[in-house]
Amino acid sequence: MKHQFKDGTLYFYFYGELDNLTVCNLKQICIDLIDQYQPKTVKLDFEEVSFVDSTGIGFVLARYKQLQKYHGELIICNLSKVNHRIFAMSGIFQLMKEERNGVKL
Amino acid sequence: MKHQFKDGTLYFYFYGELDNLTVCNLKQICIDLIDQYQPKTVKLDFEEVSFVDSTGIGFVLARYKQLQKYHGELIICNLSKVNHRIFAMSGIFQLMKEERNGVKL
Amino acid sequence: MNKMTLECLAHLENEAFIRTSAIAFLMPLNLSMEDCMEIKTMLAEAVVNAMIHGYEGNHEGIVRVHVSYDENQIEIIVADEGCGIDDISQAMQPLFTSKQHLERSGMGMTIMQTFADDFHITSEKGKGTVVTLRKRIQHECVSE
Amino acid sequence: MNKMTLECLAHLENEAFIRTSAIAFLMPLNLSMEDCMEIKTMLAEAVVNAMIHGYEGNHEGIVRVHVSYDENQIEIIVADEGCGIDDISQAMQPLFTSKQHLERSGMGMTIMQTFADDFHITSEKGKGTVVTLRKRIQHECVSE
Ligand SMILES: Nc1ncnc2c1ncn2[C@@H]1O[C@H](COP(=O)(O)OP(=O)(O)O)[C@@H](O)[C@H]1O
Ligand SMILES: Nc1ncnc2c1ncn2[C@@H]1O[C@H](COP(=O)(O)OP(=O)(O)O)[C@@H](O)[C@H]1O
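Protein chains in written order, with the UniProt record's numbering: chain A, 1 to 105; chain B, 1 to 105; chain C, 1 to 144; chain D, 1 to 144.
With the rest of the complex left out, here is chain A (with noise of 0.2 Å):
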């Protein structure tokens, strides 16, 4: 995982196989930097990952309750079509936007 805090918003970029225990591992980190910064915008960048489960959708849920806290918006980018199909099951696009190559879809 990279991220980058440029101009108020908060960029995650996730690759590979976004399991349940690489969740588990990077999940303090983001917390902490989402405290940290206080950012008005978090982008989630879904764009090189391969694999994503319930634990995925379980993580950005938490990562907008949190944000909620701040008034912040919560952003997920760049979803593959299975990947969007898996997210879309849960009901999550209700409570927030995606966007594809920085365009709201």
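If you are wondering where the hints come from, they were derived from the structure by calculation, not from laboratory data.
Any given hint could turn out to be false.
Claimed, not checked - Okay, the calculated bits of chain C under chain A, using three or more residues with CB under 8 Å as the criterion:
id	stretch
1	13-26
2	42-50
3	91-103
4	106-115
Nothing here was measured: the structure is a model prediction, and the numbers come from that model.
We put the CB at the ideal spot given by N, CA and C, even for glycine.
Place chains B, C and D with the ligands on chain A using the hints.
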């Protein structure tokens, strides 16, 4: 596997995992090509072989014996270090020559 | 027809191993990328559930995975001898989770149900849980 | 410490699956390429022997592979319930094979013995064969 017949030499180029199942699938093709060309020399190229086990040794020994019928010579080419080590255990290099990039070892 | 059984400790790091193994076992079927992804995801859900719900993170627990196929379908069974499920119909509800504090989404059951052609689960309190997933094999008309 | 057991039919196509699975299971150890190759090769030898000698090509036979590790060593056990070995010391000889017609080299046992730090085999005629392979884990001095 690819093969080529040129100037009396029959070349076989193997690639990937040369495991038991793969050897079983290739064996008859090799036998038939040798019987067809009855070449002076057969060169078996292992450059692209990422895995070989004792089945591969058995295959090479059997082709050596097949070639004896035509007084042909068998040469093993471009073995990786680990593949060389496996072949060497059998004493196979007492029977046949080894080449790397066309140069006899 | 082919079958295998795999048993391992309930270490979370074994989850990726189980996914990789199952896909390696199914290799001869030449599945589509999409089928592979769906199978990996279903397995991840069932195996993670066995580890974190069934055994509640206790690494001593044994997760058993059975994979078999014939020309028509793939069957995957994931079993644990963990705590079992009290109320299966509640567990099946989208977004229901008993482990909110672990940031679970409650979507595992829904994903398995969506991706499997046939899904069922049996569970006994204190005895464990068995999840059975079946997937029909699409026979493509290969023009070779 | 971690362990797994894998059981599958004696289909030759399952040999690659077993190799892939074992390596996936050992992933957390970050083995060197060389150790991986040696483990794959030993497994290939033991599993192919179980399939073509133990079960003599009968696909109904079950091959059982047990892999475990702790901080010091990896243990691999390959077991079949096939025909067993008459004369183990003869079987161990380099270039001895009972299946010359299948173009076997008779080098399987020698390769296992060379690559394992500890190798032993027990067999009972008509009951089956168990091969145990151990490999010490090289702890490299990582300077991080
Ligand atoms: N193998 C299991 N053993 C015990 N309880 C389970 C098991 N699998 C699922 N459950 C129960 O069902 C609930 C819903 O499961 P699921 O839909 O996968 O969501 P999540 O894993 O995100 O909680 C879990 O929170 C848990 O209470
Ligand atoms: N699992 C087994 N069951 C029965 N016989 C076996 C088994 N493994 C090895 N053998 C016997 O030992 C001999 C030597 O084995 P090996 O050195 O691996 O050579 P190869 O497999 O090329 O014959 C075999 O030819 C066979 O007779």
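A quick look at each hint next to the structure:
Residue count for the stretch 13-26 of chain C with a Cβ under 8 Å from a Cβ of chain A: 4. That meets the three needed, and the coverage hint holds. Closer than 8 Å: that is the beta-carbon criterion, and the stretch 42-50 of chain C has 3 residues meeting it against chain A, so the requirement of 3 holds. Only residues whose beta carbon comes within less than 8 Å of a beta carbon in chain A count, and the stretch 91-103 of chain C has 5; three or more means the coverage holds. Check on the stretch 106-115 of chain C: 6 of its residues sit with their Cβ under 8 Å from a Cβ of chain A, so the three-residue criterion for coverage holds.
This entry satisfies every hint, going by the numbered hints stated previously.
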